[in-house]
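> So the sequence lines, in the order shown, correspond to chains A and B.
The first sequence begins at 18 in the numbering used here and counts up by one.
The second sequence begins at 18 in the numbering used here and counts up by one.
Simulated from the structure, these hints should not be mistaken for laboratory data.
Hints are not guaranteed to be accurate.
Said to hold, decoys possible - Restricting the straight-line Cα-Cα distance to at most 27 angstroms, the calculated cross-link-like pairs of lysine-lysine (DSS-like) are:
hint : chain 1 : residue 1 : chain 2 : residue 2
1    : A       : K76       : B       : K76
2    : B       : K73       : A       : K76
3    : B       : K147      : B       : K111
4    : A       : K147      : B       : K147
5    : B       : K76       : A       : K73
6    : A       : K111      : A       : K73
7    : A       : K73       : B       : K73
There are 2 protein chains.
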Amino acid sequence: MNDPQGPPGTPRPQIPEATVGRLPLYHRALISLHQGRNNTVSSEQLAEMAGVNAAKVRKDLSYFGTYGTRGVGYDVEALLGEIRSDLGLTTEWKCVLVGAGNLGTALISFAGFRERGFHVAAAVDVDPEKVGTRIGDLVVAPQSSLEAMVREQDIAIGIISTIPAAAQEVADELGRCGVRSILNFAPTVIEAPEGVLVRNVDLASELEILAFHDQRRSSARDRRPAV
Amino acid sequence: MNDPQGPPGTPRPQIPEATVGRLPLYHRALISLHQGRNNTVSSEQLAEMAGVNAAKVRKDLSYFGTYGTRGVGYDVEALLGEIRSDLGLTTEWKCVLVGAGNLGTALISFAGFRERGFHVAAAVDVDPEKVGTRIGDLVVAPQSSLEAMVREQDIAIGIISTIPAAAQEVADELGRCGVRSILNFAPTVIEAPEGVLVRNVDLASELEILAFHDQRRSSARDRRPAV
């Protein structure tokens, strides 16, 4: 495969954040196509599966030097490999989860992570009652062992599923331990420790978007003139 | 409050989907400002909290007829009320959850939903071992009672947290029961039944975005010329 970024030392092109945000949509669609034994996919078909328009698909993929063949489309396996490589998913990413409550337990066993190249390799909790409990292949460790676990296992990603009040402190601690990226599921916005990337997942936001559309549909029905 | 959409019968303006997608970010920031007893907020401050730029905040809010006061900003309480009203969150939305496994259990008890106006009012599962178990205030019901529960309680939103293989069938059943919106957490893309809005939540996508940036930062370090 050609390196679209050119030889080492060449600055990589800036990829728009919106394009980065759509790569997981393409990745998921391609996994499904690959499982369904499809060899090729058109930009239109990929667009429909990802919920975007076809011009955007072509533009997004062109940032990575990937162009389909006219009249044939993209080779599914090759494109899947390229997207995985773009996303840095050619090796498994180890994650540590902090907060083994209901949500944490669910995230540890969530099949969707493993399939996409992420492995929750360690879990810690402050609650002595949770420490020692087994979740899938994991045994919950005390939070005091966080740093040792991160360094021994060279863990790059921290997942926070604590109560909101504890989230910032946990993020700061993860940063001190050498974790480079944090995914925060606690329903509060946290600030990134220096040198750490943070993404705040807002589970309620999807419900709000549904509510918005539902409300507008209902009021459109109410506004329809009587016949 | 003025109705920015004009008198009944006037077609409502199209709100760009990207704007709709940012409303939950503003909503969450405003909840936090309100809890912190802030009376006003500038578009710059709101932009920083929501992770967008200030011009975008002003443009987004202008679709709803909301303009801040120059040199003062927006009134937090008034803007919170308007956003809630725009999102249709002036009354509580009832949700039914299908699939009371680890993720379902976590979603039922997730504090972030209740705070934002969503109430999981019913939960069902096909597994006889799960039926009858108590999760918070709820008792898990058999999936065969889904339609009766949706109709009796006038439930508008379905949340799917089943295994991927069951998700499409459950979505179709929710559609037949009269549910108008579906949030799918199963790691598979489902097609919307007729007349139903579906949003597929992809928990792994956020990890992929972190991996993308981490990989690029690492390779930028590797590519730095030796000194």
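> Hint by hint, which ones does the structure fall short of?
Going through the list in order, the structure violates hint 6 alone and respects the others.
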